[in-house]
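Engineer: One letter stands for each residue in the lines below.
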Amino acid sequence: MRYLRGFGRFWYDFIVGDDWRVAVGVVIAVTCLYVATHHGFNAWWFLPLAVSVLLATSVAIAARQARRS
Amino acid sequence: MTRDVLLVLAAFLACTVEMVEALTIVLAVGVTRGWRSAIAGTLSAVAALAVVVAVLGPALAHLPIDSLRLIIGTLLLVFGLQWLRKAILRAGGVKALHDEASIYAREVSELRLAGERPAHDWYAFTVAFKGVFLEGLEVAFIVVTFGGSQHHVGLAALGALAALVIVLAVGAIVHAPLSRVPENTLKFGVGVMLTSFGVFWAAEGAGVDWPGSDLAMLVMIGFVVVVAFVLVEVLRRTAPATQLQAAER
Chain R
500 MRYLRGFGRF
510 WYDFIVGDDW
520 RVAVGVVIAV
530 TCLYVATHHG
540 FNAWWFLPLA
550 VSVLLATSVA
560 IAARQARRS
Chain E
553 MTRDVLLVLA
563 AFLACTVEMV
573 EALTIVLAVG
583 VTRGWRSAIA
593 GTLSAVAALA
603 VVVAVLGPAL
613 AHLPIDSLRL
623 IIGTLLLVFG
633 LQWLRKAILR
643 AGGVKALHDE
653 ASIYAREVSE
663 LRLAGERPAH
673 DWYAFTVAFK
683 GVFLEGLEVA
693 FIVVTFGGSQ
703 HHVGLAALGA
713 LAALVIVLAV
723 GAIVHAPLSR
733 VPENTLKFGV
743 GVMLTSFGVF
753 WAAEGAGVDW
763 PGSDLAMLVM
773 IGFVVVVAFV
783 LVEVLRRTAP
793 ATQLQAAER
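Chains R and E, in that order, give the protein sequences.
Note that this note's numbering has the first sequence beginning at 500, numbered continuously upward.
Note that this note's numbering has the second sequence beginning at 553, numbered continuously upward.
It should be emphasised that the hints constitute simulated quantities derived from the structure, not laboratory data.
Since the structure is predicted, the reported quantities are computational estimates derived from the model, not experimental observations.
Hints are supplied without guarantee of correctness; some may be wrong.
To give a feel for the contact side, a few chain R residues facing chain E, derived at Cβ under 10 Å [stated by the list, open to error]:
#1 515
#2 533
#3 535
#4 542
#5 545
#6 551
Covered stretches of chain R, going by a simulated chain E footprint (3 or more residues, C-beta under 8 Å) [what the hints assert, rightly or not]:
#7 523 to 532
#8 555 to 566
Glycine included, C-beta positions come from ideal geometry on N, C-alpha and C.
Let the hints inform the model, and build the full structure from the sequences given.
Structural biologist: Listed below in structure tokens is the structure:
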């Protein structure tokens with residue numbers, strides 16, 4: 500059980516990393532894009548925009564936390 | 553063509569970064585505990601990684617390309633944003649820079665504390681195996697995902713192999729941690745590539761038609777670079793001087 504937990508922890512740290520909000524945001528953004536394109540809306544600009552906002556937010560949160568500590 | 557070149561380049565850069573980190577660990581083990589077990593651990597890890605790529609690579613080739621791009625693009629995007637975020641925080645002075653020389657010194661002192669050296673040094677074997685396998689897993693992940701998304705695992709593996717050969721050759725010549733390799737800059741570059749590929753493939757997999765087709769990938773790389781540099785600049789201007797000094801130490 501300990502190994503299984505360690506294995507899961509490794510993959511979580513490896514892919515999701517320090518900020519889980521980024522991972523959740525990406526999944527939501529891709530899902531929205533999928534729905535939009537399948538309704539005939541070629542929103543190619545949406546994902547770059549969403550990613551920029553997610554990255555900026557995550558970096559801002561990390562910088563604020565670093566300043567507090 | 554553009555995709556193929558970028559595919560090889562991205563795999564090459566990512567592998568270079570991870571191999572420099574793995575080499576630091578192997579050198580520390582080899583110098584303090586002996587080369588036999590260090591090399592045995594390294595070769596075993598490389599063999600295990602080759603099996604991972606050989607099993608997962610062809611399996612991906614059987615999946616429909618759009619579903620594959622959607623899933624892999626999303627995974628790459630999550631993974632790439634993590635790299636890029638860390639690289640931006642380091643370049644912006646919020647997080648300490650990765651320092652191979654200090655990591656090497658720490659590994660050496662830990663290994664010296666580990667006691668007497670037996671004929672078959674399992675401790676050295678395990679440390680070398682673990683270091684190479686864990687660092688290499690990231691490379692295997694990139695090779696399989698990058699290659700799988702284009703049904704060209706061989707091309708991605710070629711980029712990874714080129715990096716492996718170069719880093720091993722340099723490591724064998726200098727016999728010291730490659731502290732002069734601009735690892736943080738490389739990580740920044742890899743983060744940009746992973747994020748750009750992730751955006752491009754995830755959007756394609758979701759059904760988007762990119763204006764300019766493959767050229768959009770180059771535009772995407774330029775866009776991500778600009779966003780990243782703007783964020784670094786904002787961090788540098790807003791970070792207190794004491795924080796910047798602490799991060800540079």
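Engineer: Check the structure against each numbered hint from earlier and tell me which ones fail, lowest number first.
Structural biologist: Per hint list: zero violations.
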